[in-house]
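> In case you want the letters, here they are:
4 protein chains.
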Amino acid sequence: MMAKTLNVGMVGYGFMARAHSNAWGKVSQFFDTGYRPALKAIAARNGEKAKAFAQMWGYEGVESDWRRLIERKDIDVIDICTPNDSHAEIAIAAAEAGKMVTCEKPLARSAAEGLPMVQAVEKAGVPNMVWYNYRRVPAVTLAKKLIDEGRLGKIFHYRAKFLQDWTISADVPQGGTGTWRLDASVAGSGVTGDLLAHCIDTAMWLNGGIETVTGATETFVKQRKHATTGEVAPVKIDDASMFLSRFKNGSLGMFEATRYARGHKALYTLEINGEKASIFWDLHDLHRLQWFDHKDEGQLRGWRSIHITDGDHPYMSHWWVPGLQIGYEHTFIHQAADFIEGLGSGKAAAPTFRDALATEYVTDAVLKSAASKQWESVKG
Amino acid sequence: MMAKTLNVGMVGYGFMARAHSNAWGKVSQFFDTGYRPALKAIAARNGEKAKAFAQMWGYEGVESDWRRLIERKDIDVIDICTPNDSHAEIAIAAAEAGKMVTCEKPLARSAAEGLPMVQAVEKAGVPNMVWYNYRRVPAVTLAKKLIDEGRLGKIFHYRAKFLQDWTISADVPQGGTGTWRLDASVAGSGVTGDLLAHCIDTAMWLNGGIETVTGATETFVKQRKHATTGEVAPVKIDDASMFLSRFKNGSLGMFEATRYARGHKALYTLEINGEKASIFWDLHDLHRLQWFDHKDEGQLRGWRSIHITDGDHPYMSHWWVPGLQIGYEHTFIHQAADFIEGLGSGKAAAPTFRDALATEYVTDAVLKSAASKQWESVKG
Amino acid sequence: MMAKTLNVGMVGYGFMARAHSNAWGKVSQFFDTGYRPALKAIAARNGEKAKAFAQMWGYEGVESDWRRLIERKDIDVIDICTPNDSHAEIAIAAAEAGKMVTCEKPLARSAAEGLPMVQAVEKAGVPNMVWYNYRRVPAVTLAKKLIDEGRLGKIFHYRAKFLQDWTISADVPQGGTGTWRLDASVAGSGVTGDLLAHCIDTAMWLNGGIETVTGATETFVKQRKHATTGEVAPVKIDDASMFLSRFKNGSLGMFEATRYARGHKALYTLEINGEKASIFWDLHDLHRLQWFDHKDEGQLRGWRSIHITDGDHPYMSHWWVPGLQIGYEHTFIHQAADFIEGLGSGKAAAPTFRDALATEYVTDAVLKSAASKQWESVKG
Amino acid sequence: MMAKTLNVGMVGYGFMARAHSNAWGKVSQFFDTGYRPALKAIAARNGEKAKAFAQMWGYEGVESDWRRLIERKDIDVIDICTPNDSHAEIAIAAAEAGKMVTCEKPLARSAAEGLPMVQAVEKAGVPNMVWYNYRRVPAVTLAKKLIDEGRLGKIFHYRAKFLQDWTISADVPQGGTGTWRLDASVAGSGVTGDLLAHCIDTAMWLNGGIETVTGATETFVKQRKHATTGEVAPVKIDDASMFLSRFKNGSLGMFEATRYARGHKALYTLEINGEKASIFWDLHDLHRLQWFDHKDEGQLRGWRSIHITDGDHPYMSHWWVPGLQIGYEHTFIHQAADFIEGLGSGKAAAPTFRDALATEYVTDAVLKSAASKQWESVKG
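Residue numbers (numbering that gives the first Met the number 0), protein chains in the order written: chain A, 0 to 379; chain B, 0 to 379; chain C, 0 to 379; chain D, 0 to 379.
By construction, these hints were calculated from the structure, which means they are not laboratory data. Mixed in with the good hints there might be a few duds.
One copy or any two copies: either way a pair holds, since identical chains are not told apart in the list.
Said to hold, decoys possible - Below, computed lysine-lysine pairings styled on BS3-like, alpha-carbon distance capped at 25 Å: (1) Lys294 to Lys143; (2) Lys372 to Lys221; (3) Lys122 to Lys153; (4) Lys367 to Lys247; (5) Lys224 to Lys144.
Kindly generate the complete structure, drawing on both the sequences and the hints.
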């Protein structure tokens, strides 16, 4: 069967643009999808860098303005890989132009900013998706399957944390390329919107909605030099964020994210304790799922470390042979594969913009609770 | 040097009495202390069981009432191993009789109940101690030493949890021998006073005082049969308890305890992230300390799993040779050794009753916050 | 700088051809090499499959005979990914035609077969390399660096094993696509040439030459059906192979490979114990290196689990950010990058054909020893 | 039921005498055995040290000569904890005097020396046992049970190693207290009789007899000062020893012991691969058993880390509660419990002297093979 072409227009050329470009470029070699992505063009203000990026990744052309990319007839999907403060404007314009839109997470800097994005893509009726890539770690996808099959029974506890240590030094600047995540005006928030958002997206996918939260945030380094202006200014993002929650299904949640956990680079962990079984996973060994099954024979019960590399594990029949692990970048390839498959099947790949908006309501509630020192209900 | 004799009078014959008796009996074979404990007598209402216990552990005699034990001239220390609801009465009476008093944790069912105990031992001027045994896991003691030496630098995060799964079944009764911990009138609270209390005691020892908390508790199984009366009654203890906190040193805390974490039997874990280094420890592998040191050479930085069995590790020169691990019961032997050493040196072994009262103030605040849904200040 | 083009001609379309094609295709997006590989053509007898493979991987054309591929003027490098029995013929012809040659491991079915290959490439003076990819796992490359810097001191022990379990069932056939590794006429030997060869290549790279060996092999399943003929025939390969050795540097070696280790899919492990430090690595968690350094402070000595994802780890500055792991396929990309870099620098990427011949001498000695029940000297 | 008394006479006061004394002293508090050991007397040449030891451990008396201990009517069992070179003389004399005899491992310095010991106890008809304590690690005992139940099916591979690093320094002396294990005249051999003997004893218990071996030994430090004479003399023990073997059941074995494995203190590991399941265990985490069961559902297969602390695990109902680990010393308590139980049941606790002699035949064969450079058959 002849695959149709899916023309991709990329906005941005940073870290995430690299991960996405790699995904669009590799997906057809490992997944027999109905569409074959063509890396059509990249839009960015810095022409030199955009050109170099385009050449390295095989984009046919470069546009100096994302508006022009959106105007082009030969582009099917706009992939947004810019900092958070431009997601809304680009996404809405793209949707209004009838383009499919995929957007790097988080959807926006707040639910208020994200809601019009959802409305725009839904009004336009265009396929849309947010790149919460960790749903597509095969171990996490397997966890979802096990939960949906009822193997954990009633859920009592959900725990997640995302620990990093890259901003401990007071010398890390805020703002600018590479450090815009420390600039509240660009990023919206600190670890809440960056890292906790990942934890929340996965949590609600696996364990359903979150009803109420009580949280606290802290900014350990109070002021930092701005990378572009050179000015020393108060830091307005949260360096650390934590919250307790109650899920709709009656289970309790504990969540934490920080960039001040010495020794951890990207340690996203999650654990779910159910009546019948428990699951643990962590990003530093993403190719393993820890599984405890109470129905195992008593004397032989123990946590199993499942090496998620067998052909009967999610996505893994597309890769190598049992025992040979994949890594971080593959999660994006899986997401691209699912997006494309969704185009054929008509069943949208999750999380859609609307799904991702639910996460915005939770991060909003966490930040509100941190300020109010009250339990807050999650809106939406 | 001839060791003096320390005559021990035990109250209770349950699980903890076994652990304590073992400690008093073994300590002189491994630690060159100034006093040699003599297992003098055990007091308990059930004469048959007390007699059997005395015979097995080598107690010279049995008393049917703890009051008589306290009256005896030949008893130096009263060791309280009864359920929580009798700690205060026995301890106060013992102190007033001029006995040294050691008491199984928690000190009492609340700070209000514990305060008179503290006042009694201090007024009497008798040596006193609460058996928060996990301070004497050699790995935890080493953690304390490292922190006190400033090796972690400024502390950002403290995390602790204590996970069990033994009450998931609705068939577990409340009340009675072995299950009195599910009876709020006897235990005071559920996991908060039982398991969280351990986490809090260690946390404040390692990281200083806790100022404010916001918590939540849950009782998953709403009613249970009472073991002695047979009556089905509402369960008044907390099955799960969690809280966020701020320490006096500016660090953030996350704490959790539950008996509904399938797959975990006694998984007490703690982690501390400092500017310069981090520490992790868990009770299921109590003989290891995980250590990350940022001053290690960059390319070789990693978490070290230190096998705490060398002669230069706390307490370990008293045991076997490097590589050979000790277990749970040894923590009590260490505590007995320190208590005895304190008698000689005049420097009381911690935690004293007053130290343990501080934990009561925190558990009180957690329970209050769970009810008020507010952040609460820790009294005391 | 404009990269030159390196025209690749692939022979074969099986598992290894996939891994190599992926490497040639990706290398320029992550490594700034002087040459940009162009996937020019693939040669294979089965035209349909070759065509499908070419289309999926972006090869411009297909040749039905590898001889025609070699004749083409527009091909720079011949990459041999066929079963072992055709390596020699293809490699020698390619070298004689002046092509660069890269060959999947093992070089040949024996040293006798491999020697003319070495002579051919050396006589022709063409760049050549054997794809012993595990040298390019960043953790293993780091191990090499640490050893070369003298950080382990005098070496006492080297241990390696490669454990799989995919042929335990007597229903697995011998011969044919996918199972030619069980057919001695095609594979040469069983696990000795397949898995032990990896262990030996790495071992000699890290620890120098092997002088003498004593080994034993076993064939647990004595006869199997042939996949193509359907005939049940004696199995002539070794299912398991193990040997003791003495290295030239005075250290002792223990090696083992098997396809009968239930629970292990591709568990290649290696450990080196030196006077000053020790190293452990395993393929199931290939992104970690275990490191023990005796010069660490006594009370804090422990095995470090180094997460090999930092920019200062070999190859890793080319990938993502700290904490995000890569996988199996990346080892081939690294090898392609080094091969290309070697073309520019004139310093050939190892292992060359001659390097790989050294491994053949060891596997020959192991098989000879298994038959003679004597210690055998390694030739070469 | 009234327990009878078992009067123990100890020979020696070193490390092993401590471990044994602890076992005799604790066993009745945790195991409801028919006999209650009484620590009657200890015999040793050094009167001061013996007296101190007796006082610490509660022995009633001291004898300056083991012969006098044997002559005493009030001693039931002679427990031999002296260096290897005196095992035979003491054991034979004790047996001839009609005493029960327990002997620290290895039985003797060679099978030739051990055989008369076996003959003596068997002729006298006295209960006898060798303290190969690792059989009584609960995880290892569970492994034995699982194998005997046929859960592993046909066995393909057995692997064991015992790694230490305490003699790497050339400054460690040979001979004398604490270092007699480096003096061949006292110890018989180096790691072969000391550490490999443990591996072999467990291996034959779990996997049956060993038929043939090929081995190699090495002495890395060629000469050392003698601790008592001060003379620098050639080292005659083996520092490292390794061998390949074939078991009677057709499985292959790999064994290794060394005192030159930097980073390992007492890392005894064993792994068994069967058709249906596999087992792994190591002494540094002795409270865990790793278990892989092929009949687990495909997508959920993984190595289980079983925390051997539940009441349904061997010996564990006698200790604490699930989740709380025991340590090294408990293995001796278990062995004492089994010895005593054997006195009541008439079924001797293994390994008997005869069982332990089988290990001597294997270590003899390994040393013979190391010298002959041939495969050697195991006698006996």
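> So, for every hint listed, does it hold in this structure?
Evaluated hints:
1. Lys294 to Lys143: For Lys294 and Lys143, both the intra-copy (19 Å) and inter-copy (23 Å) Cα distances are at most 25 Å.
2. Lys372 to Lys221: Within. Shortest intra-copy distance 20 Å satisfies the 25 Å Cα cut-off; inter-copy 29 Å does not.
3. Lys122 to Lys153: neither (38 Å within a copy, 51 Å between copies)
4. Lys367 to Lys247: This pair counts as both: shortest intra-copy Cα distance 20 Å, inter-copy 24 Å.
5. Lys224 to Lys144: Neither way: Lys224 and Lys144 sit 46 Å apart in one copy and 36 Å across, limit 25 Å.
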